[in-house]
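Undergrad: What follows is the residue order along each chain.
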Amino acid sequence: MRRLAVIGMGIIAILIIIALLAPVIATHDPTEINLKEAYLPPSSGHYFGTDGLGRDLYSRIVYGTRIALMIGIVALGIATIIGIALGSIAGYFGGKADSIIMRFVDIMLCFPSFFLILSVIAFIGPNILNVMIIIGATSWMGIARLIRAEVLSLKSRDFIVASRALGRSNFYIILRHIIPNGIGPVLVNFVFGVAAAILTEVALSFLGLGVQPPNPSWGNILIEGKEAMAVCWWIVMFPGMAILVTVMAFNLLGEGIRDMLNPRLRK
Amino acid sequence: MFRVINLPLYICIAVFFLIYAARASADDINIKDAPVYGDAFVSGSTADARNLIPILASDTSSSQIVSMLFNGLVKYSKGLKIIPDLAESWRIQDDGLTIIFHLKKDVKWHDGHPFTSADVEFTYKKLIDPDTLTPYGGDFEKVKDFIVIDPYTIKVSYDEPFAPALASWSMPVMPKHILEDAELSETGFSRDPIGTGPYVFKRWRSGQRMDLDSNHSYFEHRPYIDRYIFRIIPDSTTMFLELQTGSVDAMGLTPLQYTRLTDTETFRRGFRKIRYPSFGYTYLGFNLDTEMFKDREVRQAISYAIDKEEIINGVLMGLGSVSTGPFPRESWAYNEKVRAFGFDKQRALKLLSKAGWRDTDNDGWLDKNGKRFEFTIISNKGNDQRRMTAEIIQRRLMDVGIEVKIRMIEWAVFINEFVDKRMFDAILLGWSLSRDPDCYDIWHSTKTGPGEFNFIGYKNPEVDRLLEEGRGTFDYEKRKNIYNEIHRLLYEDQAYVFLYVPDALTALSRRFEGVEVSQIGIMHNFIDWYVPKDRHRYKR
Amino acid sequence: MGKYIIKRILASLPVLLGITIISFMVIHLAPGKPTDAATQLNPKISLEVRERFEKKYDFDKPIHVQYLKWIGKIIRLDFGRSYIDNRPVIRKIAERLPITLLINILSILTIFMISIPVGIKNALYRGSVFDNVTTCIVFVFFAIPGFWLALILMSFFGVHLGILPISGIVSLDFENFSLAGKIIDVARHLVLPVLVASLGSIAGISRYMRESMLNVIHEDYIRTARAKGLPENLVVYKHALSNALLPIITIIGLSIPGLISGSVIFESVFSIPGMGRLMVESVFQRDYDVIMAGLVISACLTLLGNLIADIAYSYADPRIRFNK
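Residue numbers (the working numbering), protein chains in the order written: chain A, 1 to 267; chain C, 1001 to 1540; chain G, 2001 to 2324.
Mixed in with the good hints there might be a few duds.
Unchecked claim - Simulated coverage check for chain C against chain G, where a stretch passes if three residues somewhere in it have a Cβ under 8 Å from a Cβ of chain G:
| hint | region |
| --- | --- |
| 1 | 1233-1240 |
| 2 | 1244-1253 |
To be verified - Computed beta-carbon distance windows for the label pairs:
| hint | chain 1 | residue 1 | chain 2 | residue 2 | range |
| --- | --- | --- | --- | --- | --- |
| 3 | C | G1280 | G | P2117 | 51 to 61 Å |
| 4 | G | I2009 | A | I81 | 30 to 40 Å |
| 5 | G | D2173 | C | G1318 | 32 to 42 Å |
To be verified - Heads up, simulated EDC-like pairs for lysine to aspartate or glutamate below, C-alpha to C-alpha not over 20 Å straight-line:
| hint | chain 1 | residue 1 | chain 2 | residue 2 |
| --- | --- | --- | --- | --- |
| 6 | A | K36 | C | E1310 |
| 7 | G | K2121 | G | E2232 |
| 8 | C | K1075 | C | E1088 |
| 9 | C | K1478 | C | E1336 |
| 10 | C | K1533 | G | D2173 |
| 11 | C | K1202 | G | E2095 |
No wet-lab data here; the hints were simulated from the structure.
No residue lacks a Cβ here, since even glycine has one placed at the ideal position from N, Cα and C.
Take the sequences, apply the hints, and build the full model.
TA: As structure tokens, this is what we get:
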């Protein structure tokens, strides 16, 4: 298990490098249309071949790495911030605040999440920013519950009482003591969430609600290629592999962290 | 001596036998090829029908089914002449102001009730009723009087000459005896209709398929194909797979499928590919109230900057032609003298420069008075061809320094928010045209209200006058000249960049005989299609 | 127990109300109206005709009035009519629900049949080649875009081998089949959809099972059982497993709301007339009553599912029972 997690970590590191160095690694402008070179199979001129408008697939996938990682990390970042904020408030202050927030969590959990995402995007318009925000706004519930549980269990511990006795503000206590202790499961949640966010973008692209062309996202490259799947295997194979490898990497990493955190397995 | 004399006789006899034998086998062929009843036709569609009430059905799927179930008074022949449908003949009087229709006497509705002029009157009244949410009422509001002379004779008169009048009576007729007291927007008839057409409604499994059975007492003749099955398959890739296994007999092909995916031996053995120009065009329309598009030279420049051949080759894979104006080549109103603007980047830049657009700050984009030349093209989501076209236009305009953003919007929002309220810069859409060239609703300056079709706000008094004249006379030559002139003026003005006329592409199972490809498609003689006995796929 | 159930139900009502309010606001504030979907650009529906249509459906009234009207109808179990074809919403949902339920139930059975043994074996042989390899395989299935897998399988089994139907849920000649024939026909049509639907979720359940089993295996009472000399099989499959399965019960409860939700992508590719397509088409066409009905039913089932999960758990886990 440890080994797989390390492999996952490695792949993610490579992806981050690819994303950062995209302009250097790519061979063409990912949005350059060249109709005379449409639907070409992989070759030395185009490593992954070209799509229906003659755009270089390799470059599009390289730039798509940026978008995939960005969507995953920003969306989950938003979710995590909301989750930590609401979860800690609910757990720490208890009472009315707790009731209201937990009620709100229940409400959000009652909506089928993908349906909610696609509905809102259909209403406010699909672009990268909206996609990130909406995925974030619908993924925080699990984190909130985790943090709340953590806070509840820590609330009565000695060092918290001591901290309060010392006159530290609630905010300070939450920030310095509670969160670092609860971070483990949140991290696991984060990593799995990134994988899920990438898959959600692909699903949104199927409905035309994902990242809009000509911006290259693995989702919209894949969907555009679906038409030509039978004759142009490369247009579907390469983005598909990219998604596969990335999602797997994040899942393996998440599993690895989860295993590591489980005290019972530390033997 | 004997031989020499009898040789001609033997030759005659031999020839006679040969001829007889040839005729006999010709007869054999005829007998074998005589139409047989039976089998079914399965058509594939990505969208389900919505409403089978003829005057309310406006989407493609509903219209397709309605055309199988209902008839109008007249219809178009494959030679584009107006021929009888429910009306067996008609007389035009008073210089075209009056039409007297004589209806066929032996027509029955699918429930056995006889068809009479009362049904036509009923349909007409519903069409002009303001409470009916029909899109097709416009043509019928021009009728001055509608008089039922007897159960099989109708007299329709107009205030002023209205050229599209006769063709407008191809509107399907609804049964009065069933719908008389019904509320059209609520009646179950929309999902269980009764018509006079060649096929009878049998069953509708929502979202899955619709079944129609042939009308054995159809007034023309009983269709040879016993069943018409309409299968709903939302994903076009899946539909293509179904086509390959023969579970679908006909589907519309994308250019890519037509060129690349259908060249295998197995495909060609089982299917034929049919291609004919569609009767319409795709265009980029400018909102003429927007400052930057008010200048005709700017619009022409943009037209020169776009390589239309490139779009046809890239998006349509060559299966289409450049549009030179508001009429396709197959229309009698088409003006051959109008030449399309070719791809000329230099000329575009010159025109733009003349209009004041130059790159003064050297950032790669044109500007004027400090404002950069940028605009957004909107189009409706779900149409791959339009999306690709928009991206190509975006790229070409970028080459001349114009920044273009693209927004693909879903239909419900598209119409309401953007088109009706005219909140757009440029719009990428297409028109599917009726056979009569009257395009008053699209180009006349009075049709610019919310919800109307001149949403680009085109106002040209000369064209207005021509449009009014064109629909107000019956003289074919005169009309031809008028519309030729309209064609020329509209192209010069470039209120639209007329882009292309796509070809209609269909794959059809080879087992169907009797198919005739014409300008109005292949379904015009569907009741004459048949499948030879040994190739039936669907038994009862 | 009865009192507890009633308390829970009462507590759920505000949640339900909250859901309806939020849903209603969101979908009505969205741009576009059902009238627009019903009138594509081809038609010549003038603005005044459209306005009349809107008045008929109360779209011109302020939003809280519309909401109260809707609540009034719901209480009488009148879910309204679809704007697209004017049929009762209940009927449209009733057409789509059975097939969605069928596929989901079959999927859940398949998922459990595969995931639980895999998860257990993973836990028992943690760190082994088997563990690593199955982990990878399971994650691959999670990460493959479903429609891609679907199209490939359809191509292979449907076109190439020709042994399975490609799409839809019944054949064209379905009406003519005997009862047995009909059952077989539906079964053949469901093989690929259920397979594709299940494969993606095996990852989740099997990992959960693995984790749960790992937690239990290392408990003291297991160590005691082993020390007592009990055969390993008994230890694992009776004692450990029965405890490890407890969290799975929670999952079953949490899967209940998922039973009625279909995946629109999956249904589109397989041409299955299910709830997924109905709901998404309703969103695109702004068919308000259908959307609201779907959300309300989904919410009710979620709350019900949670309740059942909690009760079932409390029955299964004696620790909780004794604490009551």
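Undergrad: Determine for every hint whether it applies to the structure shown.
TA: Taking the hints in turn, this is what the structure says about them:
1. Counting residues of the region 1233-1240 of chain C whose beta-carbon sits less than 8 Å from any beta-carbon of chain G gives 5, enough to reach three: the coverage restraint holds.
2. Under a criterion of three residues with beta carbons nearer than 8 Å to beta carbons of chain G, the stated coverage of the region 1244-1253 of chain C is upheld, 3 such residues being counted.
3. Separation of C:G1280 from G:P2117 is about 59 Å and conforms to the stated range, judged on CB atoms against 51 to 61 Å.
4. Evaluation of the 30 to 40 Å hint for G:I2009 and A:I81 yields a pass: the beta carbon distance comes to about 34 Å.
5. Separation of G:D2173 from C:G1318 is about 40 Å and conforms to the stated range, judged on CB atoms against 32 to 42 Å.
6. Only pairs whose Cα atoms come within 20 Å are accepted, and A:K36 paired with C:E1310 is accepted, the gap being roughly 9 Å.
7. Between the alpha carbons of G:K2121 and G:E2232 the distance comes to roughly 14 Å, so the proposed pair stays at or under 20 Å and holds.
8. With a C-alpha separation of about 11 Å, the suggested pair C:K1075 and C:E1088 falls inside the 20 Å cut-off, and the hint holds.
9. About 17 Å separates the Cα atoms of C:K1478 and C:E1336, which keeps this hinted pair within 20 Å; it holds.
10. With a CA separation close to 19 Å, the supplied pair C:K1533 and G:D2173 stays within the 20 Å bound.
11. Taking the CA atoms of C:K1202 and G:E2095, the gap is about 18 Å. The hint holds against a cut of 20 Å.
Checked against the numbered hints listed earlier, the structure breaks none of them; every hint is satisfied.
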